[in-house]
Amino acid sequence: MFAHHACWQANIKSVSLKASEIYSKWTGISEKIIFSTFAQAKLAVPSTIVMDEIDCIFPSRSSSAGEKNPSFLTQLLIEMDNVRGHRVALVATTDL
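Under UniProt numbering, the first residue of the sequence shown is numbered 1, with each subsequent residue one higher.
Just so you know, these hints were derived from the structure itself, not from any lab.
Worth double-checking, as some hints may not be accurate.
To be verified - With a straight-line cut-off of 16 Å between C-alpha atoms, the simulated EDC-like cross-links for lysine to aspartate or glutamate are:
(1) K13 - E53
(2) K32 - E21
(3) K18 - D95
(4) K25 - D55
(5) K18 - E31
(6) K18 - D52
(7) K42 - D81
Just need the whole structure built from these sequences, with the hints factored in.
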């Protein structure tokens, strides 16, 4: 909430990416949600993507090396790399 308000005060468009909205039982839907969120932010520069509940999206570093990461994690990392140079900021929040 604070991040969105700060963006509003600075007249910067904010786009939400919530962990609860990313997870989908259907193959490819999570990746499409991530792609469209980043595309929306790139069209509305300057903008900020507020990633809520980041602790649910990214696994802990202390997790087992053999654990399988969700397929959307790769898409999220790709989009984070591709946003460079587009005047899009990333803000991550957590409940921890």
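Hint check results:
no. : hint      : in the structure
1   : K13 - E53 : violated (20 Å)
2   : K32 - E21 : holds (11 Å)
3   : K18 - D95 : holds (12 Å)
4   : K25 - D55 : violated (20 Å)
5   : K18 - E31 : holds (13 Å)
6   : K18 - D52 : holds (5 Å)
7   : K42 - D81 : holds (13 Å)
Hints 1, 4, counting from the list given before, are not met by this structure.
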